[in-house]
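With the hints as constraints, model all of the structure from the sequences given.
Chains as they are written, first to last, in our numbering: chain A, 84 to 746; chain B, 9 to 408; chain C, -19 to 226.
If you're looking for bench data, these hints aren't it; they were derived computationally from the structure.
Computed list of lysine-lysine pairs in PhoX-like fashion (alpha-carbon distance at most 25 angstroms, straight line):
1. K263/B with K394/B
2. K60/C with K33/C
3. K263/B with K89/C
4. K734/A with K52/C
5. K175/C with K60/C
6. K89/C with K33/C
7. K69/C with K33/C
8. K52/C with K89/C
9. K734/A with K33/C
10. K171/C with K69/C
11. K60/C with K171/C
12. K60/C with K263/B
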Amino acid sequence: MLRRLRRVPLCACLIFLGLFVAPIAAPTAAHAQSTSDTPLQDVLQTVQAQVASPSRGTVPDVLSALLERDAPGTVEFLRAWQDRGIVERPEDGLFFVAHETGGMVELIDIDTGAVVEQVSTRDVNQIRPNAGVRREINAALVQFELMNPDPARRIAALESATRSPDPEQIPALELALDAETDARIAARMERLLDLLNARFTTDTATRVDAIDGLRGDISTEARRVLNQLLQTRSDFAQTLPDDANIARIRTPGQDMDLHAAYRVLSDAGLFPPRPGRNAIRDALRANVVDGAVGGIPVHQLDTDEARRTAYRALQDAGTVPPLVTQADMEAAVAQYVFFDAYLEPDATVTDAASTALDSTRTRIGAFQALSLSLDALSLASIFFLAAIGLAITFGVMRVINMAHGEFIMMGAYTGYVVQTLIPDYTVSLVVALPLAFGVTFAAGVAMERLVIRHLYTRPLETLLATFGISIALQQLAKNIFGTQARPLTAPDWLAGSLALNDIVSISTLRVGIFFMALAFLLLLLFILNRTRLGLEVRAVTQNPGMAASMGINPDRINMLTFGLGSGIAGVAGVAIGMYAQVTSEMGANYIVQSFMTVVVGGVGSVFGTLAGAGLIGALQKGIEWFNPTNTLAAQTYMVLFIILFIQFRPKGIVALKGRAAGD
Amino acid sequence: MVSTNQPDTARPARRSLLHTNPSVLWFMGLLGLFTLGVSILSEGMGIGVLSTSMVKILGMTLCLCLIAICMDVVWGYCGILSLGHFAFFGLGGYAIGMWLMYARTEIVIRDSLAGATIPPTELEVTDAVTAQIFGVVGSSELPLIWSFAGSLPIQLAMVVLVPGLLALVFGWLAFRSRVTGVYLSILTQAMTLALSLYLFQNDTGLRGNNGLSGLQNIPGALHVPQSVLSVWFFWASAFALGAGYLLFAWVVSGKFGSVIKAIRDNETRVRFLGYNVEGYKLFVFTLTAVVSGIAGALYYPQAGIINPAEIAPIASIYLAVWVAIGGRGRLYGAVIGAATVSLMSSWLTGGGAPNINFGSYRFLWTDWWLVVLGLGFVAVTLFFPKGIGGLFDYLVRKKP
Amino acid sequence: MTTLLEVSGVSVTFDGFRAINNLSIAISEPELRAVIGPNGAGKTTFMDIVTGKTRPDSGSVRWGERQVDLLKLSESQIAKAGVGRKFQKPTVFEEQSVRDNLAMALANKRGPLSVLVWHMTTSDSARILELATEIGLQDRLDHRAGDLSHGQKQWLEIGMLLAQDPRLLLVDEPAAGMTPGEREHTTDLLKRAAKTRAVMVIEHDMEFIRRLECRVTVLHEGSVLAEGSLDHVTKNQQVIDVYLGR
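In structure tokens form, the structure reads like this:
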């Protein structure tokens, strides 16, 4: 690889290493270039002793010799050398790359890569550089890599350096930064340099500069560095020490527990430990004499008061350590000052770090809000998909379909069955979506014809009849597919995630579901507002009696709407199945939320459902943000909010007004 | 049939409850006979034909009949399809369960500490009880709502107050904003869901999804064998069911019954008659919630365990199914529905029923019962809207 | 004769449609008044406003000697204050007996607890029989209301209205679907009722109104077009235009 090094960086390398190495390794610098077939072996032989038994002092000699020769395979050699993969053949002192195969060692020529011979491990000397040497080699390697002409290699080198930060990387980075032509990589180098400087440099001004450079950097590395700089330890002293970098002073009784403060002092041996309840009890237990302790009969010792009295008696007799009262503790604690001090002694540095961290936190807050909004949007899309079918049937027919969740489940199982038949995930998805629509459309129409049609005058009973269908369908699915979850795998192009930075990222599947919800929104708006069917549906929604007298056949409209609503549930099922899992109970998990969405949004309006889904999605994520560990609590509060919301807008966000509202 | 144009139509109609509702007498008689029969056949008191667990199941069924009556009054008579009455039932169970669990744990702890050299302080006992009860949810502090868990009278009051207050507040909010019909059903379902989700959390002080357990052990009667206890609870449940039946028969038979039936049929019209519809609904909703709480407080000591899954919305929907199958708008219908369906469910899903072989396919009741129930329920709704109770009407009307 | 109900300057709009437009109307006690008007004139909406079912956008509705603002009361409070209403479609409680229907309407205490402990007293029972006789249903007291004929349901509803003992009766199309004989009976009922209280009748049928022999208010497009005796208003050119179409 070195062969392909660009001219400029190589010069820079040489200059840098020259400077770095010069004081020790000047003599070997002038070495004529030979035209040998084994340039690397040749140059190594010039510093044979230093390679064979490396020490920290001699490594620079080897490095400068190698650099000067610039032979192909130098990087590979350095890496092998560092990893103890180089052996010396004692007969001629030549070096080989060793490849162990079952007790034997294959010697590989370091120039040509050809296998030279197989020998026993005892026949060669393995070269074992110590830790110090390895670090030197590593620094040189970083150097080589950071100047590699391939940008991908340079980025990889940067990333590995970020993972294992080391002060020795600083000069190499500075040099590489000077030579860097790619602005993006240069920016990353600068950032890494800031990270290293902030941590390792001794010069305060440079550090503060570096810390300022990290301001607003939301990456975990930057935050880790800043947090490390701001680490504190708790301590106490009789007076506040002048030399400590104080973070804050704690006042016992206010921002510090009095007992805890006293315990610090007693642990340090300055005061006697305070006997707690258990200690008192144990002491009493150990000093029972003739059924009494300190003159108090044992059976009376069932209150703290009595126990303390008995203990005092023991204390007066000198058998137990004294009680420590509240006043004792207060007096003891008052003699000392308790404080948190930064581990970093320089106040300028810690000030800069805490300012930088504050501004980072602000940015993190903004990004978290963005991330939360994306989450909410994605949740809202799912609710919308799950609820819109319900909203259509409820709006047009005033029928609550409790089996709607089971239509979602049916769609998901359709997707699963298709996937077992068609192995290609993309193709099976393309087949499953329309098929799921078809299956649930048919199921919906069948249900409308067989059951719901007969119950239009009794809406509460529709609720119950559809519930009967719901439990039957659920159990049927259990009988057919079993109780365990079935996988519905998303195709690869939906399996990844889009990441903006360390905080904001969203899975491609969620984006897909969002666009699917959007597509259905547009499709429904088109059907409702631009087609004859839509016109008739709206007419029936607003005034069924009038619509019927205008020659619209409400039977047909009801059947089609019910089919449409169910069909959408089926498609939603495929989407939800990929996002969650396919079980016979998956529909039940969404049904209540879907009802809420419809009720909050307002019946009979696509935009109402959209608003409802948006509100509920945002609300759920918003509440989760306040209490991220507890999704159950978030759901509880959300439902409570909805109950209250209905108080103020009983007809939902988008309410039909006037006589059409049916009151 | 009242004779026409006779002065006796003007006589004040102070006919007694039993006179106007012969079914009450029938019901009381049958319930008494049933109680007597179960006692005689029981393992604890009688000849031992019925096992203790069977007696418990029958006792629990009586409690379910009681809540079914509540559901019937609120839905069949007043037209509010509440999908939340099992929440009240569960709250009653939790209220009594807290005492059962606390008091029993306290007895166990005191017994185990009795041998110690020094008697324990109250604080030590409380701490030990807390550790015992809340160890599973990793908490060492006694939640505030358990402050009175050691006192039976207070917890008994809670059985009535907690469901009653919840129903009062929720009902006031819902009825005030004139939420009716399916909206109201969904809202009650939301309430139930919120409550069960709340109880599922570990940090709400009711042991999360572990629920309360060991409720079959009654503090103060720990020496009494379960076989005898089961009969005691059976009697208590039968008494509660009888009392509840009488109470609601009285409530729905007079003018109050007329008004709530009128509310069911045409709420607006009742308003124009000058009745405060919201007040009536709230009264019925709260009263039935309180009785549901009592039913729950009797049920869970027999079940032995209560957890939030019992409160999930689905339970309340099943309650509606029982009442619909039994027949709405008649109290005995609710009892018949609850008893039939819940006993059949436990018989068929418990594997008690013989499976049927269809050639190569084996029809397992455990697999197919819910399918049959669901479809049967659809059929009842479609073809027999009056349920099983409707058959009685049919027979009675045919006779004369 | 004192003014019992005074509606002034009331307007109400549904989705941009002005159903009632600056309507002012007053009725005294006792008085019999007929309100006529073509379809969509706002007759039913006017009743909705007085009984509290619809809230107007502007205007005021004053009631009784103390000038109570009815717009601040709920439907049941208005009913208790003494406004009774009969709907266009007969709405009796079909599942219950005629006796129960009348008993519910009797002017007794309306609170849930007092209703729960209520017993039918001798005077209640006598009053029910008296009302039933008046509406011709004394034979059918223990029949289901749902089994009555259409006309009988109309009467039952009027009977329930009378049982409430209201000061103002709002009667929406009482004669719809009745036989001529039944109509005559209904006219008598209303005229008798109007001797002691205010009665406002909405009707389409001119013959029926003529027999009522009372003041007539003609509504059109949500406001009063004419008022006076039937002969007076039927001679009014505007009224003729509205009814015959311009």
